[in-house]
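K.L.:
What follows is the residue order along each chain.
2 protein chains.
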Amino acid sequence: MAGRARGSARALLAALLAPALVALLVAPARGRGGRGHGDWDAAVALPPLPPREDAARVARFVTHVCDWGALATLSTDQAVRGWAFADVLSLSDGPPGAGSGVPYFYLSPLQQSVGNLQENPHATLTMSLAQTNFCRKQGFDPQSPLCAHIILSGTVTKVNESEMDFAKQSLFVRHPEMKTWPSSHNWFFAKLNITNIWVLDYFGGPKIVTPEEYYNVTFQ
Amino acid sequence: MAGRARGSARALLAALLAPALVALLVAPARGRGGRGHGDWDAAVALPPLPPREDAARVARFVTHVCDWGALATLSTDQAVRGWAFADVLSLSDGPPGAGSGVPYFYLSPLQQSVGNLQENPHATLTMSLAQTNFCRKQGFDPQSPLCAHIILSGTVTKVNESEMDFAKQSLFVRHPEMKTWPSSHNWFFAKLNITNIWVLDYFGGPKIVTPEEYYNVTFQ
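Just so you know, the sequences run in chain order A and B.
First residue of the first sequence: -16, per the working numbering; consecutive thereafter.
First residue of the second sequence: -16, per the working numbering; consecutive thereafter.
Among the hints, a few may not be true.
Identical copies go unnamed one by one, so any copy, or any two together, can satisfy a pair.
[Claimed, not checked] Straight line, CA to CA, 30 Å or less: simulated DSS-like cross-link-like pairs of lysine-lysine:
| hint | residue 1 | residue 2 |
| --- | --- | --- |
| 1 | K190 | K141 |
| 2 | K120 | K190 |
| 3 | K120 | K151 |
| 4 | K120 | K162 |
| 5 | K151 | K162 |
| 6 | K151 | K141 |
| 7 | K162 | K190 |
I should point out that these hints are in silico values taken from the structure, not numbers from a laboratory.
Here the structure is a predicted model, which is why all the values come from computation and not from measurement.
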């Protein structure tokens, strides 16, 4: 922005924002990866769990509140070739309150999982409310279906141009530390293209949710 | 214990323990799955992380402080047959302060993962300090190696007679809710027989730890 007319508006804005900016500067980085992480800290209450019968909505809820998950891929490592391999990856489906349901990742070819995906992009991601304070507070065992968890199978691919900005914004808002990761690791944005969804949120076994039902969920 | 001589010793012991016993009786069940869970609640500080160079010790540490993990198995589900499948399972490697390094599970043939294991027992378990408050408190992103996580590959098998008591004690102390799970689910004790261990606790890529190094670790 240039020009005198905008100059005074800018000064006003700066004056209004100054206290917040100063607070951000002087406060120590807290929470996972720094301030403004947008993740549900142990001290902050989670939004309420949707009705358990609404499995698609529960699935979207879990995807949104989790900021990491475990990804299963087929191993290309000589030691365990062809076996199922599991690893932990950070993720985000959108900025806080604006989840898309699409799990985005920030990956490097140096990661074991990525080496596996390059040979076979099929993968399964699992996320659990045990990762938040929900289950602990409610007294639900991590393996209890009441401690809801979801399983998303599909393929992991690089994010294309049109989705790049949203993926970047989604990840960096919730994982600010990513902005500092070394470029020598050749980081790239990826996503899980979901083909199968299982929701374990109540007794009676896994509920199958279709990708259509999953993406049709809207949050107010 | 019977007999008058022991009677007075017992009375003394009871008098000393009484306040603690009363406290246990009247306090509400808290934490995951009830009292005496032995798990590291968000309010309780974790023991300190071992030196990161001691990868075997870090691996044992992570296995011990985690009470669940994500297990990757090869899927037998028609929809995704042959793909890598991921699921969440509760686990315990021993009562608090007495970890063995062996991840024990309490499984039911009704679980998807168990159906998979029955066809192919090879599996990979991953556990992360992101499951505790460690990474959050230190400001480490879940995907940062500083937020240590481990990957254990091997085979999952039923626990044999000689190990049954320890497996049961290990699991039930940390997952008391398991004692209430319905017998109609045919629960059984299982373990991961570890063949390969990778530790990501520092920059520079995964460190390989042998099962021998892993089991040779002793904690004071």
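K.L.:
Which constraints among the numbered hints does this structure fail? Numbers only, ascending.
P.N.:
none
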